[in-house]
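Residue numbers (my numbering), protein chains in the order written: chain A, 5 to 218; chain B, 315 to 583; chain C, 265 to 541; chain D, 277 to 497.
Do not take every clue at face value.
What the hints assert, rightly or not - Which residues of chain B face chain A? A partial, calculated answer using Cβ under 7 Å:
| hint | residue |
| --- | --- |
| 1 | PHE391 |
| 2 | GLN393 |
| 3 | SER412 |
| 4 | GLN413 |
| 5 | MET416 |
| 6 | PHE418 |
| 7 | ALA436 |
| 8 | THR439 |
| 9 | TYR468 |
| 10 | SER470 |
| 11 | GLN471 |
| 12 | SER473 |
No wet-lab data here; the hints were simulated from the structure.
Predicted, not measured: the structure shown is a model, and the values here were computed from it.
Built from N, CA and C at the ideal position, the CB exists for glycine as well.
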Amino acid sequence: MTAQLFLLLVQACGWTVFISVISIVLGLLLGTVVSAAMLSSSRSLALAGRIFVSFFRGSPLLVQLLLIYNLLPMLGLNVPSMVAAIVGLSLCTAAYQAENLRGGFASVPAGLLEAADMLGLSPFQQFWRIRAPIALRMTLPALANESIMILKASSLVSVVGVVELTRMAQDLSASTFIPLPLFAAAAFIYLVINGIVALGFKKAENSFRWGIKA
Amino acid sequence: MNPASTAPAPAISVRGLSKRFGQTEVLHGIDLDIEAGRVTCLIGPSGSGKSTFLRCMAFLEEATTGTILVNGEPLGFAQDESGQRVRLSPQRIREVRSQVGMCFQQFNLWPHMTALGNVSEALKTVRKLSRAEAEERAMAQLKKVGLEARADFYPSQLSGGQQQRVAIARALALEPKIMLFDEPTSSLDPELTGEVLNVMRSLAADGMTMVVVSHEIGFAASVANRIAFLDHGRLLLNGTPEDVFGKPRHARLDQFLDTYLDRGAAMLV
Amino acid sequence: MSKRIFLKSMATAVVALAAVSAFAQSGQDALERVKKAGVLKVGTETAFAPFDFIDKGEHVGFNVDMYHEIAKEMGVKLEWVLLPWEGVFPGLESGKFDIVAGPATVTKERMLRYRFTPPIADSTVALLKRKGDSSVMKASDVGGKAVGVGKASAQLTQIKAYSETLATKVDVREYPGNNEAYADLAAGRIAAVCNSLTNIAFVAQQRPDTFEVVLPPFGVKAYSAFVGRKDADYAKLMDAVQATMLKIKGDGRMAAMQKKWFGQAFDTPDMVNTPNL
Amino acid sequence: MTFDINLIYSLGPTLLRATGVTLMVWLGATLVAIVLGFFVAFGRRYGPRALDAALRVYVEVIRGTPFLIQLFLLYYGGPFIGLVLDPVPAGLIGLAIYGGAYFSEIFRAGFESVPTGHIEAGVCLGLDQGQIVRRILIPEMTTLVMPPIVNMMIVLLKETAVLSVVTVPELTFQISAIGSEKYAFVEAMFLLACFYWGLVELCGTLGRAAEARFSRLRLTR
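Go ahead and model the full structure; you've got the sequences and the hints to work with.
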């Protein structure tokens, strides 16, 4: 295990972080929409939301990525590797985040919204000023967990041609045949990244305590 | 305005109001006028429908039949030319409802905003005031309820009584003509009810039209100008405290006072 | 979600897949498309030394040199699409690239689905053992011992057939990939790994302190080649690649590349039409 | 694109066996992981400070690294420190260690939700430690921890696919073989999606039924 090999791993982890961060943010936005659909009074909208969540949580991410990368071109939409990776990971995490947020939205006490209603806040204002911040704060620990899950799951995007950390470790061990040190080094890098992410979320949780003691 | 008129126009006028949840009818054809500038107390056993009735007057519950006029304007539903009951536009509902403020049993303060944030929120988002102006007005309201020193505290850092006073300030900030109180002291420790009742007393003294659902019979007897007694979704009694509480008493009321009230309060009346 | 909805959505997925595959049948001729774009796209996996691998961060190997020559002869540029092996064939089917490097051992079963180019290497199998393991000196010594091999690979067929010829059968262990088998050989669970000589010679050369090749090779003659599609619209492209490769083979360039990457030149046939496997 | 449906039929018995292996490893590992997670959470909350610190390292390292890498190091690295495991035990142990870290976090939240007053009440009534755990802690937190446990079980079910890397003959290992043997990669992909989606839906349905049952029990008691 040379410094040069380790440097290659560190470079590859750049893609891991890049793809994961974009996917988590996109997944949060899409997840909000999907959870709104699931909570909506329209039955077909709620059903569509449920099927989305069921499929993207239920089938292997590997298969989802292969479908996006290989099926869309047949429909005349050629997606480059990076786009397929981000779309696939975003859809998958959106399904998980939608479930989290659904719980968060449901747990915002109805009275808080009645109070807003009495004061004349429009439904839109009620959602963005009252409901969303509280739900997001309540699901922040779950979002932290999901972010770490996605950082780890991003190792699968190599199947659509993005060489990230795990794939680089595999590729390098297939030419140097020293897999154990390479995999241990990759594990170490994941641990460092995830440690930073966990710390960041702890900080965020602490700065949005709203006077509630830990 | 008109000294000749003994009965001023009612602030809220309820006619033939019924409410059903699924198969169960919880309110049966209630007629009631809420007088302007007076305090009306709704009392009754649990499950008598008094909270539901109050929530109908706030349009948080939609009455199944009947009409509610707020200062002469229909709330939520109106009769069209053919006498058909039609739902008004959300815009119109909001306009009429803006005359009504409400305080809840659970305060319902928004946990992610400070006391000042809670009070100034609607001034900013609904009244579209500038931040500075909204906060200035909010501060004045907090001062009224004696909490200007707690402006930067989050609800979780305030006692129950303080939270309810912030909630009152929040409702008053929009300058409603009528204030509805839904059991404002029920979830407070006994030693904290006083501060809330004092705020309500001074509000009454300022001439605010108030409708209060309460178990505080002492408060009802001493502050209210009118008492309405509900039982099983029907308005059984409606009159001055002297009329209602004075002897001879209605049998159901007597039973209620015996069962539901602590002896101390019952002595008062 | 109820079972009915699940079945319904599964059925929809099947129909969609069928519709998509029907749609994909009708395409422009592949050779015309490649010529027009001026680019030949090649898909491969970079965990298959010495054919395709990563050295100092660069994709190198026999395939890189070989396709460089093919593209040059055809007058087009070369574009690599690097995927893990499980992503390579779906990519070929969906037209992400025009041909696969690989290579793969030519077998009857695989010829049913794909078209092979002229072979590029002898893929006769041999054994890789731990350095200095005196209990395995020749291939037949693995009788009664555990031998690792890639799951469902051509080498699996070879070692199984070979096992039948021995007095005590070989304990054949199947691995998801060759690299896991090498790792387990180092870990000591197995006595040897069975793979193409070209691959294991490279492994032993990279880690001479750990591994050692058991010579001579055994089993039936087999060859490995690049893989392309059998569809009609790919016929001209595959013909062109085939002709180009035979030209490169004919003038000795292929032998030179084999010498560079495998340490020896192979005597391969122009085409494998009836493989032994 | 070629799609050969007959391939799928011919694989029937193999797939049935592979499903069996997947379910067996999954259920076995889940069981061990839940027990492990419970004791880790218990040790962290009620044990000495040093134990809490040590267990915390375990939880954070396991949650911070991909399961694939953990399993690879356990199976192929283990023999270098004298730990030689067969594929199925290695898969079971690896999955259990992985799941245990996550379950311990779920139980930690569960323990925190039980008011100390309830435990003190038990102590006052003279219950011993085991009785307090069995009769107060576990019943009280069941409703809270059931949904995340079901969720985690689904995650573990999908993670069993990784066991193919240490040659456990489960679904992914067997299905991907039809890819490498017959080069039928598209069929393999389709089958993988169907099998896992089906299993996950089944697990989710059973999980919800169990949740409903548990919460009914709580209400009627």
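We went through each hint and held it up to the structure:
The interface hint given for B:PHE391 is broken, as the beta carbon of that residue sits about 17 Å from the closest beta carbon of chain A, more than 7 Å. Taking 7 Å as the C-beta cut-off, the interface hint given for B:GLN393 is violated, the closest approach to chain A being about 25 Å. Against a cut-off of 7 Å between C-beta atoms, the interface hint on B:SER412 holds, since the closest Cβ of chain A lies about 6 Å away. Checking B:GLN413 against chain A by beta carbon gives a least distance of about 11 Å; that is not within 7 Å, so the hint is violated.
Hint on B:MET416 holds. Least Cβ distance to chain A is approximately 5 Å, under the 7 Å limit. Below 7 Å, beta-carbon pairs count as interface contacts, and B:PHE418 has one with chain A at about 6 Å; its hint therefore holds. Because the closest C-beta pair between B:ALA436 and chain A is about 4 Å apart, less than 7 Å, the hint holds. Checking B:THR439 against chain A: minimum C-beta separation of about 5 Å stays under 7 Å; hint holds.
The beta carbon of B:TYR468 is positioned within 7 Å of a beta carbon in chain A (closest approach about 3 Å), and the interface hint is therefore held. Annotation: interface hint on B:SER470 holds; nearest CB of chain A at approximately 4 Å, less than 7 Å. Interface restraint check for B:GLN471: the shortest CB-CB distance to chain A comes to about 4 Å, inside 7 Å, so the restraint holds. Hint status for B:SER473 relative to chain A: violated, with the closest Cβ pair at about 13 Å, above 7 Å.
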